[in-house]
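Residue numbers (our numbering), protein chains in the order written: chain A, 4 to 323; chain B, 125 to 223.
Simulated from the structure, these hints should not be mistaken for lab results. Hints are all accurate, no fakes.
Quick list of simulated restraints, FRET-style, between CB atoms: (1) B:A142 with A:R225: 51 to 59 Å; (2) A:R26 with B:L199: 15 to 23 Å; (3) A:R178 with B:P148: 33 to 41 Å; (4) A:A257 with B:L192: 57 to 65 Å.
Owing to the predicted nature of the structure, the values given are computational and were not obtained by experimental measurement. All residues carry an ideal CB built from backbone N, CA and C; glycine is no exception.
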Amino acid sequence: MADQDFYRILGVPSTASQEEIQRAYRRLARENHPDVNRDPAAEDRFKDISEAYSVLSDPQTRRRYDAFGPDFRQVPEDADPETWRRARAGAGAGARSRAGAGARAGAGQGGRTSFGFGGGDDIDLDDLLGGLFGGRGGWGPVPGADQSAEIELALEDAYHGGRRTVTVGSGSTQRTLEVTIPPGVTDGQRIRLAGQGGRGSDGAQAGDLYLVARIAPHRIFRLDGRDIHVELRLAPWEAALGTSVAVPTPDGEAKVTVPAGTSSGRRLRLRGRGMPRPRGTPGDLYAEARIMVPSKLSDPERELFEQLAATSDFDPRRRR
Amino acid sequence: MTYAVVRAPRLDLEEFAAAAGLHPELVSRLVALGIIDAARDSAGRLWFSRSQLGDVARVQRLRAGFALNYAATGLVIDLLDRIAVLEAAMRRRARLGGH
Numbered sequence: 004m005a006d007q008d009f010y011r012i013l014g015v016p017s018t019a020s021q022e023e024i025q026r027a028y029r030r031l032a033r034e035n036h037p038d039v040n041r042d043p044a045a046e047d048r049f050k051d052i053s054e055a056y057s058v059l060s061d062p063q064t065r066r067r068y069d070a071f072g073p074d075f076r077q078v079p080e081d082a083d084p085e086t087w088r089r090a091r092a093g094a095g096a097g098a099r100s101r102a103g104a105g106a107r108a109g110a111g112q113g114g115r116t117s118f119g120f121g122g123g124d125d126i127d128l129d130d131l132l133g134g135l136f137g138g139r140g141g142w143g144p145v146p147g148a149d150q151s152a153e154i155e156l157a158l159e160d161a162y163h164g165g166r167r168t169v170t171v172g173s174g175s176t177q178r179t180l181e182v183t184i185p186p187g188v189t190d191g192q193r194i195r196l197a198g199q200g201g202r203g204s205d206g207a208q209a210g211d212l213y214l215v216a217r218i219a220p221h222r223i224f225r226l227d228g229r230d231i232h233v234e235l236r237l238a239p240w241e242a243a244l245g246t247s248v249a250v251p252t253p254d255g256e257a258k259v260t261v262p263a264g265t266s267s268g269r270r271l272r273l274r275g276r277g278m279p280r281p282r283g284t285p286g287d288l289y290a291e292a293r294i295m296v297p298s299k300l301s302d303p304e305r306e307l308f309e310q311l312a313a314t315s316d317f318d319p320r321r322r323r
Numbered sequence: 125m126t127y128a129v130v131r132a133p134r135l136d137l138e139e140f141a142a143a144a145g146l147h148p149e150l151v152s153r154l155v156a157l158g159i160i161d162a163a164r165d166s167a168g169r170l171w172f173s174r175s176q177l178g179d180v181a182r183v184q185r186l187r188a189g190f191a192l193n194y195a196a197t198g199l200v201i202d203l204l205d206r207i208a209v210l211e212a213a214m215r216r217r218a219r220l221g222g223h
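Sequences are here, hints too, so could you generate the full structure?
Here it is in structure tokens:
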């Protein structure tokens with residue numbers, strides 16, 4: 004449910020001058036206008052800001068808001084603030100909390116926002132704002148703006164694709180969407196959801212929502228476009244003699260043949276085992292050799308290494 | 125979500141104005157100001173594509189939201205489009221791993 008403290012929405016004290024209110028409104032409107040800020044939550048903020056400004060910019064409605072609070076529109080024109088406050092303190096507390104709960108329930112599913120008060124008539128925010136974009140200057144219904152939101156995916160989810168539940172927006176525009184992630188989504192790729200963007204005014208068509216995929220850093224895999232890099236740890240004798248080891252891939256383990264004489268840094272390519280590409284060649288997986296030695300040697304191990312050191316004339320620092 | 129099954133490939137001024145919810149006069153003015161593009165045939169009639177309805181909607185939202193005049197709206201739209209192009213280029217670069 005929208006915050007109903009109009010001063011707090013505009014970030015000004017209740018003693019603010021008309022000029023300060025206008026300045027705060029202009030700044031916030033620039034930040035949150037749906038054509039400037041594509042965050043789905045900005046649309047709701049923009050509506051709140053516009054609503055707050057429409058009340059506070061007019062000295063007369065501002066006085067009534069100061070006296071009676073956000074429900075001032077339900078208060079008769081000639082009501083006395085003192086009498087009103089007393090009446091509300093007695094009977095109003097319960098009614099207000101009920102109204103709050105009702106308004107929250109009504110705000111789901113991208114529905115219309117309504118301010119509830121007790122059992123009385125609800126005032127619809129869209130009506131209050133005159134359709135916001137549609138009410139002035141002879142404009143008809145205006146379609147909604149396109150929006151954009153980020154969606155963070157684990158590398159495995161991006162690899163395999165699948166269904167994902169995404170919550171976008173806030174307040175009355177908050178909605179939960181079931182999204183199909185195609186296999187092989189890469190970082191920064193956009194997924195278009197037609198008609199899920201900003202709402203149009205007066206029943207006009209909604210804009211589109213673009214989900215921008217962000218692939219979360221992975222514990223063992225590193226992405227470079229569609230290529231996947233993984234570290235391949237080898238014992239010195241494995242690297243020297245060659246071996247066959249299992250390397251992890253997002254699709255399970257794969258066998259890789261390490262040729263004899265492999266040094267650290269050598270990259271073994273597993274063709275086509277990178278990120279899949281819809282209707283195209285998938286990326287490759289690179290396993291990069293990294294030679295590890297035991298941090299503590301057993302006596303026989305030490306003996307063997309000493310023997311190797313005495314026998315070998317290999318000089319790793321000699322440049323050819 | 126419902127989609128129109130058949131779409132006219134292009135709209136004339138009256139059709140376009142009706143679809144945008146505007147007076148045809150205003151649409152002509154937006155074209156004259158270079159805020160929306162239109163094709164002009166040999167008879168001097170203006171033709172629009174349906175995809176331009178989104179452009180008009182953006183003009184309306186910006187104008188109402190910021191109390192802009194049409195010339196300023198045109199400038200804002202040009203700047204927003206340029207930013208969108210730059211952001212798309214940045215996304216592409218990020219996708220290619222910064223190369």
